[in-house]
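Here is how the chains run, residue by residue.
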Amino acid sequence: MMNALKIRLLALFLMLFLGPQLYAQEALTDELKDYFKKSVLNKVKRLEHYITLIANKAMDDNLRKSSISQAVELFEDENRIVQISSLVNGKETVIDRPVRTYFDRLYAIKADKVVITFYKVTQLTDVRLGPDNKYYATAYIFQDTKIYYKESSEVPDYTDVTEKAIDITIKPDTTLVGDKMVVLYPAKLGNINVKETRATQ
Amino acid sequence: MVVRYLLSICIVYGIFVPEVSAQLVYDWENRAENWEYRVKNIEFFIDRFNNQPEGSGSVHAANPKDTAECLAFMKERDYKLFSLFDLGKVDRKDAAVKQKINTFFREINSPYQPKFIRFEDLFWYAELNMSVQSGGQSKKLSCVMQVVNLGQGVQAWVIKSFHSSDLQIDERFRGNELYFPPSTNGTDFMGVRLSLNDPSWTNDKVAKLVGAPSKTLNQLVEGRVKIEAIGKITYHFLQLDGWIMTVNYVNRESKNSGWLLGLLQPANNQQKVQYLKELYAD
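Note that the protein sequences, when read in sequence, are chains A and B. Per our numbering, the very first residue in the first sequence carries number 1; after that it's consecutive. Per our numbering, the very first residue in the second sequence carries number 1; after that it's consecutive.
By construction, these hints were calculated from the structure, which means they are not laboratory data. We put the CB at the ideal spot given by N, CA and C, even for glycine. Careful, some of the hints might be misleading.
[Said to hold, decoys possible] Straight-line alpha carbon distances no greater than 30 Å define the calculated DSSO-like cross-link-like pairs of lysine-lysine that follow: (1) 232(B) / 80(B); (2) 139(B) / 33(A); (3) 134(A) / 226(B); (4) 188(A) / 277(B); (5) 140(B) / 91(A); (6) 80(B) / 33(A); (7) 139(B) / 91(A); (8) 208(B) / 134(A); (9) 91(A) / 226(B); (10) 120(A) / 171(A); (11) 115(B) / 37(A); (12) 171(A) / 205(B); (13) 115(B) / 171(A); (14) 208(B) / 91(A); (15) 120(A) / 80(B); (16) 75(B) / 33(A); (17) 188(A) / 140(B); (18) 65(A) / 110(A); (19) 188(A) / 57(A).
[To be verified] Listed next, with one range per pair, are the computed distances between beta-carbon atoms: (20) 88(A) / 252(B): 20 to 26 Å; (21) 91(A) / 198(B): 24 to 30 Å; (22) 92(B) / 91(A): 29 to 35 Å; (23) 131(A) / 265(B): 32 to 38 Å; (24) 131(B) / 88(A): 19 to 25 Å; (25) 115(A) / 232(B): 18 to 24 Å; (26) 77(A) / 268(B): 45 to 51 Å; (27) 93(B) / 131(A): 46 to 52 Å; (28) 92(B) / 93(A): 43 to 49 Å.
Build the full structure now, drawing on both the sequences and the hints.
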């Protein structure tokens, strides 16, 4: 009885400390890559959903506010940087913002109406294993922003389309589910880089 | 074999018919579709160069015993290879340019020994031209990075050199201590800028660095230098036998945009060594 318990504890110890490492050192199969890609695309879609929701002043204010924390949770941590860009007289300005500040400012844009949409296709690079046993990739999104300073305006006062690149991290996480050790691969978002901003009409 | 070879030449030559190339560049006016076709990442450049789906990171050649499959692969690859050239820089009236590109296509897209490039290849480099703040002035600092394979499928981008005439810095790093995730190129090395400006990161690396202390890292730790921005990024591909390719980001509203081949030059090994020397000393 005691021996069995010791073996189980040893197995648990090995799985907890070596499990992710052992798994990470296995070949990155196409099946695993497909799984990662689906997981990443799901996270990116959720990010797009939250950006649209937080910016949309027609939505319930409490829902918009509570979405900020949910959006921040998509990221690896709050130290991640989101670049924002704006076009003034055709000149592009890019600023770094910590992730929570980015969402707070998105919520508080001084305008009656803000409409943010995303182009249907999100493109994703191959998934690669890094030195810290995390998997890495980059996703690309195409964001369309329209700002109306007055609700009655039919034509937006400010418009742009921005191409953004998102760092993606997948950290294998071993958890005990019932009596089985299961490796989970939660995808998290990292820094977001503005590739390009263009005016639209 | 001869027929295939001739067909290959015809396909390549066909691409140079002005109507065909014009169509390639200007047909697609829709911005979103331009965006979709744009080469957004150097990995997509590699995938397209190899005629593989973008984001696959794989390399599969056509079966050389299957003539139809082989020809279809070559035809499609010719088209994709051509789409990777910065057409704003290609002088289609210049016979020497046409000759060089045709030779390149024939060597790369050979039916029997097609040549591919891979992310994990040695001998391709990223050159980052950065502006830094030092002594209240904006100065230039260049950095050369390389993809290294650390075994068991682990890959990383590693800083291999810093060079700045303004700061009188010329440093090479033989080890792999200054590493970054393999995807850091995707966000234009933004993670490199943030890490170099982070004293805890630089302090940790200063302690781990093998060999002579780094003047650049020390100045970053002490706050005497701060990276303002990473400007122009250039990728240098030296792994193809007989060729050097230089890739830059081309920003324009066209399908022919993104990471594109700006410079293609024939080069033997000696010329490549010289090219590398100049790259590190740039």
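Item to complete: Compare the structure with the hints numbered earlier in the document and write down the numbers of the violated ones, lowest to highest.
Response: 2, 4, 13, 14, 17, 25 and 28
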